[in-house]
Structure formats: structure tokens, C-alpha cells
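Student: Single-letter residue listing:
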Amino acid sequence: MREVLIKLLIVPAATVLLFFMMFPATSYGAAPKIRHSISVYNDNAGENPRQLKRPGGVGCNDSFFIVADSGNGRLLQYTFRDGNVKTEAEFKLSQLMNPLKVEINSKGEIYALDGKQRRIVRLGPDGKFMGSIDPKGLPSPVAFVPRSFDIDMNDNIYVLDIFSSRVLVLNPEGEYQNQIKFPQGYGYFSDISVDFKGDILLLDSVQARVLSAKKHAASFSPLTESVRNLREHIRFPVNLTTDERGRIFLIDRNGGLIIVLGQDGSFLGQASSFGMKEGLLNYPSQACINTEGKVFIADTHNNRVQIFELLR
Amino acid sequence: MKQKGLSLYSKIVISLFVVSFFVAASPAFSENKFKLKEGANAKLCLECHETIEKTLESSFVHFPVKDGECSGCHNPHTSNHGKLLVDDINSLCQKCHDDVMPEKARSIHKAVAEGNCVNCHDPHASNNKFMLLKKGNDLCFECHADLGDFIEKAEFRHEPVEKNKGCLNCHNPHASANFNFMLKNEVPSLCVKCHDTKNKPFASRHMGYPVGDSRCTSCHNAHGSNKRKIIFDDAHEPVARRECEKCHEASTSQTPLKPKKDGIELCRDCHGEMIDKVLKKNYTHWPLVDNIGCLNCHSPHATKQKKLLAGTIIDVCGKCHPDKVALQKISINNPENKTICEPVKEGNCIACHSSPHSSDSTLLIAEESMSFGSCNKCHEWQSHSMHPIGENVIDPRNKNRIVECLSCHRAGGTGNKPKMLHYDSVYTLCIQCHEEYKR
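First to last, the protein sequences are chains R and U.
Take 1 as the starting number for the first sequence in the numbering used here and just add one per residue.
Take 1 as the starting number for the second sequence in the numbering used here and just add one per residue.
One or more of the hints may lead you astray.
Claimed, not checked - Listed below are the simulated DSSO-like cross-link pairs for lysine-lysine, each with C-alpha atoms no more than 27 angstroms apart in a straight line:
1) U:Lys-280 <-> R:Lys-92
2) R:Lys-53 <-> U:Lys-281
3) U:Lys-306 <-> R:Lys-53
4) U:Lys-260 <-> R:Lys-92
5) U:Lys-281 <-> R:Lys-116
6) U:Lys-304 <-> U:Lys-338
7) U:Lys-246 <-> U:Lys-227
8) U:Lys-399 <-> R:Lys-294
9) R:Lys-53 <-> U:Lys-95
10) U:Lys-281 <-> R:Lys-128
11) R:Lys-128 <-> R:Lys-92
12) R:Lys-136 <-> U:Lys-306
13) U:Lys-438 <-> R:Lys-277
14) U:Lys-324 <-> U:Lys-419
15) U:Lys-277 <-> R:Lys-92
16) U:Lys-345 <-> R:Lys-181
The hints are simulated quantities; they were obtained by calculation from the structure and are not laboratory data.
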């Protein structure tokens with residue numbers, strides 16, 4: 001009888017336990033560890049490198065990353081290989097006076113939000129000006145003001161239009177495809193992100209909540225309650241992005257935190273805190289994560305970009 | 001078949017026993033608690049407390065006092081509460097007067113919330129109804145002196161403020177279950193009780209606009225004003241001139257109350273030059289260019305705040321920045337926190353964020369540097385201490401930062417951290433750079 005019990009209960013339980021010990025991380029809800037790799041302070045330009053000044057954005061892919069060096073009114077292209085950062089190019093355009101958020105599409109084209117002219121500027125991979133996003137055929141009201149934007153895996157562009165309280169979905173040519181109105185009763189939407197499934201995420205900075213709309217959905221619904229209720233020191237998240245597993249990363253501007261949520265909005269963990277030392281953040285603005293698990297953060301008031309590594 | 005359990009008779013007896021137990025335990029029925037001799041109750045107390053005897057001659061006497069039930073509220077021997085009260089003043093009154101406050105009140109009088117009933121009522125007796133300390137508005141203006149002063153000086157006063165019940169014509173004295181400011185009803189329902197919005201003069205006075213369901217207090221000061229028709233003193237010019245059509249569609253249109261344009265575009269018609277200047281800066285305060293635009297912070301009609309702000313500065317800013325305001329409140333409410341910037345104390349966010357519409361610097365400051373621009377307005381940072389500070393002193397923690405005010409302090413308030421520092425103690429702050437002294 002005792003042997004039967006051991007076979008039926010204890011052995012399967014031990015097997016299950018062993019499995020979870022061997023594979024602790026699932027793609028859904030694993031709390032990632034984030035380790036600081038290196039910080040970028042200047043443009044590495046010869047003998048007189050110019051310091052970064054209030055960088056307000058950073059975009060990345062697996063080949064390079066682009067820094068919006070807002071205070072100097074320029075974009076800087078870097079590569080990061082084998083632990084070394086190398087400056088590849090500087091793009092300074094009269095059409096892009098105060099670059100803030102930056103995104104890169106699958107062709108290596110660079111999109112940047114210009115804080116001064118409140119428009120999204122498009123550059124070729126070589127940094128050549130290709131125009132600004134000016135979608136034709138918008139449903140009424142025609143006027144729009146982009147507060148933020150994101151680009152999905154198929155190069156469609158999602159614009160957070162705060163003037164007409166909606167998300168505009170544009171095709172890679174910038175032509176209007178669809179719109180989703182903002183839900184009522186929320187605080188203030190500061191950022192938008194599209195995950196690998198094509199779901200759209202909205203960040204309400206005032207209520208510190210994330211909302212989501214499934215791909216092709218006509219409206220948003222809340223994904224999280226206020227993340228301030230989860231941890232009292234979370235203050236004012238202004239940026240959100242996702243990794244290739246669909247985990248959501250919020251950047252808390254006033255608190256200097258990186259907050260990690262699962263696809264379902266569950267709290268997975270947090271990293272960094274407010275400070276000036278390497279690894280700490282001071283009014284960060286944008287994070288970007290590439291498929292290699294490198295996390296680039298525009299550490300705005302520390303006048304630098306910090307590169308972190310996702311350990312799992 | 002005989003039922004199991006207690007008989008009806010037994011249930012009645014037990015119920016009576018339970019009820020009589022609670023009645024006997026209540027303060028009003030505690031006359032035998034101290035085993036006083038018959039007739040000795042109040043008489044005994046008044047032998048020493050002579051002044052109370054005079055009070056009993058007042059027109060309105062608290063019923064336990066009248067019944068000689070001094071021990072209903074006071075313990076004649078000892079107590080942990082002042083005036084030998086049998087319980088904390090916060091809960092003592094509520095034991096009998098538990099119906100004063102609705103269960104989930106929308107707004108509560110501060111004195112009531114704090115249990116300070118005696119701020120308004122004499123607990124023994126008074127010559128005023130409800131044993132109030134003073135008559136009518138005089139009582140209210142004891143605390144709300146600024147308002148009393150304003151009303152007294154106002155050229156035009158709202159009639160109900162002065163007539164009949166005064167303040168209590170519109171406000172509940174204790175709390176309001178459903179309305180702000182302890183109002184008896186919401187605006188405009190409260191207003192239309194006296195003001196007929198259906199008659200012709202009302203319509204013509206409002207230029208034919210159907211404002212019967214609008215919020216009257218967005219233009220009128222419910223207490224009084226120096227402007228006719230008690231329009232707020234600082235009214236938006238088109239409101240003062242009764243030029244509603246400047247911003248709204250015509251009164252005869254299908255949607256007469258609809259603004260002619262959305263967001264900032266509406267304001268641009270008159271304030272174009274200022275708006276153009278604002279929108280040329282590097283960083284725009286984003287709410288300025290959303291669908292609400294200027295009205296995120298300003299009232300379109302009239303307000304008692306300067307520059308037509310929709311509330312006090314900290315209320316307006318706090319609407320979107322609750323985290324900042326929460327820290328500011330902790331900072332100023334901590335008595336041990338003695339070193340706090342004056343603007344932080346006052347909730348005057350724009351003292352430092354002096355360019356609230358847009359700026360060429362982040363954080364909406366007018367100067368390029370918060371430390372050497374904004375802080376410098378009040379503090380001579382050069383003489384702050386012997387610690388090296390300034391443009392040529394590199395922060396050892398970060399080669400792209402200089403040592404400045406914000407290297408150690410955080411301007412918007414830091415909760416319970418001392419001297420508005422980033423850290424919990426001066427020691428923790430110092431060892432950030434001077435690691436060799438780390439204990």
C-alpha cells in the first residue's frame with residue numbers, strides 16, 4: 001500500500017517540482033533580471049567629443065541604436081557589439097529641431113517625434129530627410145497632434161493623436177487605415193506601444209494604468225489597475241515598450257524606475273531607481289528593447305543613454 | 001407536533017433582556033453608574049460648578065444637562081480625556097447624534113470630520129437654536145473669516161447669503177451625502193429653486209443661450225462680487241462683455257453651447273500672438289495642444305483665481321501630477337521637516353516652472369538651468385556652503401553632470417526626507433560621492 005502511494009503521489013509531485021526548478025522562466029510571467037552594461041555619454045567624435053544633452057529618446061534594432069540627443073538637436077547612430085559602443089553617424093536636420101521619441105522600422109528607416117514642431121519626421125537609413133507623417137483621408141476631425149507613436153513588425157505606424165483623442169493606424173506609406181477613439185474617464189495618455197501580436201497598448205500617466213486593444217479591436221479596455229497601487233514608490237510612468245515575449249516595460253520618469261509587467265498586466269518586478277550613478281536613472285524618457293535582450297534607456301536628466309541587459 | 005427550540009414567550013423575554021441591557025449601558029441611562037444618592041445627580045455637581053447653573057437659564061439647554069445627567073458625558077472621578085469626559089470628544093457626541101453625518105458623505109465640514117462639534121455648539125446650553133455659539137453667519141465667519149470679509153466688502157451680494165438662514169440657505173452645516181461643498185443640491189438644481197430659468201428675462205439676460213442646465217458658478221460667484229449680476233470679478237473679457245458668440249456657436253443654432261473650434265484653436269482667435277510664441281519653444285506642455293487645450297488649466301468664463309486658472313495652482317497642477325503633490329503634502333505636513341522651499345510650502349509650482357505653457361528647457365522652466373536659473377531667484381547658491389558647486393565642478397557620479405542644487409536637493413518636495421534632499425539623511429547623501437567615508 002505504502003509503495004503504491006509513493007508511486008502514485010510522491011513520484012509525480014517530485015517530477016513536477018523538478019521540472020519547475022529546471023525551467024523557472026516561462027514566456028508569460030517571468031520576472032526578468034536587468035543588469036547594467038554600459039553608459040553612453042558623448043558622440044565619440046575625435047579629440048573633442050560632444051556630450052549628450054538631455055537625450056529624450058532612443059530607438060533600437062539588433063544592428064544599431066539611435067539616440068535623440070534633444071538638447072543638441074540631433075540624432076546619433078551607434079552600434080553596440082561585444083560590449084563596445086561605436087558612433088556610426090550624426091544626423092542633424094533643419095526639419096527635426098528637437099527630436100524626442102525615436103523608432104526604427106524593419107527597413108532601418110528612422111522615425112522621430114519633433115517636440116518643437118509636434119510632428120513625426122521620417123529619415124532614411126542614411127539619415128536623409130524623407131518627409132513627415134501627414135496622413136491623407138483622415139476622418140473628421142482632420143487635425144491631429146502626435147504625442148507619441150510606435151511601429152509594428154509590418155511597419156504600420158500607430159499615432160497617439162491627443163488633439164482628436166484617438167489612435168491613428170497608418171500603413172507603412174503613412175496612409176490612414178483605421179482609428180480607435182480614446183476611452184472616456186481616464187487621466188492623460190502619454191505613450192503607445194504595439195506588441196509582437198499586434199495588440200495596442202496605451203499608457204495613462206496620470207492614473208498610472210495600461211490599457212489595451214487586441215489587434216483589429218475597435219476599443220480599448222483596461223489591462224491594469226493603477227500600478228501605483230502595486231508599489232507606492234511608482235510615480236509617473238511616461239513610456240512603455242514591450243519585449244519579444246510580450247512583457248511590458250514602463251519607464252517611471254519621476255521615480256527613475258523600470259517596471260515590468262506580464263502580458264496580462266500582472267506585476268513582474270522593477271529595476272533601477274532614482275540617482276546619478278551608473279545603473280540609476282534621473283528623469284528617463286524612453287526605453288527600447290531589441291531581440292537580443294539589450295535594453296536602451298534615454299536617461300534624460302543624467303545626459304546619457306544607459307544600456308542594460310535582460311538576463312532572462 | 002411540538003416544535004423544537006425556544007417558545008415565543010422565551011424569545012420575547014430574551015429580547016427584552018438584551019434591549020434593556022444595551023439601554024442601561026448607554027450614556028443617557030447611566031445615572032446609577034456612580035451609585036449617587038437619590039436627587040444628588042446634577043445638584044451635587046452644581047455645588048462646585050456654579051457657572052453651569054447660570055447656563056441652565058439659557059433658552060436652549062442640552063437635554064442630558066436639563067435632566068441633570070452630567071455623568072452621561074463626564075466621569076466624576078477620573079478620565080483619560082480632557083474635561084473628565086467619558087470618551088474621546090470625537091466619538092462622544094456621535095453616541096447619541098449618529099445621524100448627523102451620512103454614511104458615505106461626498107463632502108464633510110472639517111469641524112465635523114475632526115469631531116470638533118464644540119467649535120460650533122455649546123455642549124451645555126446657549127441662547128441660540130441648536131445651542132450654537134453664535135447666531136447665523138457670524139458663527140460661520142469665525143473660521144471662514146476671509147469669505148466673511150469678502151462678502152462684507154462686495155458691492156453686490158447674493159441675497160440668500162444675508163437673508164433667512166444665511167449660509168445654511170445653500171449649505172448643510174455638517175455634511176452633504178451627494179454634493180461638494182456641503183451643498184444642499186447640485187448646481188444648477190440648487191440655483192433654479194429661486195431663479196426661474198424658463199422665463200423670458202432670464203433668456204434675454206443670457207443672450208438667448210439655453211444655460212438653464214449649465215453650471216451657474218462657472219460665471220457667477222455664489223457669494224457676491226463687485227460686478228453686477230455677481231459675475232466673478234475676474235471674468236474672461238467676452239463673458240464680461242456678454243459676447244458669448246465669440247467662442248460659442250450662435251444661440252439660434254442646433255448646438256448653441258458648442259465651442260466654435262476645438263482646443264487651442266478656439267483661443268488662438270484672440271490670443272494668437274501669445275500662442276504662436278508659446279508654440280515656437282522646444283518643449284510644449286502637452287495638454288496645451290490636446291482636444292481640451294487651454295481649458296485643461298484655465299476657466300473659459302470666470303473664476304476667483306488670477307489668470308482665470310481653474311483652481312489654485314497646486315490643484316490645477318495636481319490634477320495631472322498627483323505624485324508630485326502627494327510628496328509636497330507629506331513634506332509640508334511633517335513638523336520635523338523645517339527646511340522647505342517657500343514655493344513648495346505655498347504650493348506655488350510656477351515659481352520654478354515659470355514657463356508653464358512651453359519652454360526651451362525640460363521641466364517647463366524659463367531658464368536653461370533649474371539650479372542656476374530658478375533656484376538662484378531666491379537662493380544665492382554661491383554662498384550656500386563650502387562645498388564646491390558650479391559650472392566647472394563635475395559630479396563624481398556622472399561625468400555629464402555638474403554639481404548643482406539638484407545634485408543634492410529635489411525641488412518639488414521629497415516627502416519625509418530632510419532638507420528636500422534626495423536621500424533619507426545627510427550621511428546617505430554625502431557617501432554617494434564620498435564613498436571613502438562610508439561606515
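Student: Now tell me if each hint is right for this structure.
Tutor: Do the hints match the structure? See the list:
| no. | hint | verdict |
| --- | --- | --- |
| 1 | U:Lys-280 <-> R:Lys-92 | 19 angstroms, holds |
| 2 | R:Lys-53 <-> U:Lys-281 | 17 angstroms, holds |
| 3 | U:Lys-306 <-> R:Lys-53 | 36 angstroms, violated |
| 4 | U:Lys-260 <-> R:Lys-92 | 40 angstroms, violated |
| 5 | U:Lys-281 <-> R:Lys-116 | 6 angstroms, holds |
| 6 | U:Lys-304 <-> U:Lys-338 | 31 angstroms, violated |
| 7 | U:Lys-246 <-> U:Lys-227 | 21 angstroms, holds |
| 8 | U:Lys-399 <-> R:Lys-294 | 23 angstroms, holds |
| 9 | R:Lys-53 <-> U:Lys-95 | 64 angstroms, violated |
| 10 | U:Lys-281 <-> R:Lys-128 | 24 angstroms, holds |
| 11 | R:Lys-128 <-> R:Lys-92 | 10 angstroms, holds |
| 12 | R:Lys-136 <-> U:Lys-306 | 42 angstroms, violated |
| 13 | U:Lys-438 <-> R:Lys-277 | 16 angstroms, holds |
| 14 | U:Lys-324 <-> U:Lys-419 | 17 angstroms, holds |
| 15 | U:Lys-277 <-> R:Lys-92 | 24 angstroms, holds |
| 16 | U:Lys-345 <-> R:Lys-181 | 40 angstroms, violated |
When the structure is compared with the earlier hints, violations turn up for hints 3, 4, 6, 9, 12 and 16 and for no others.
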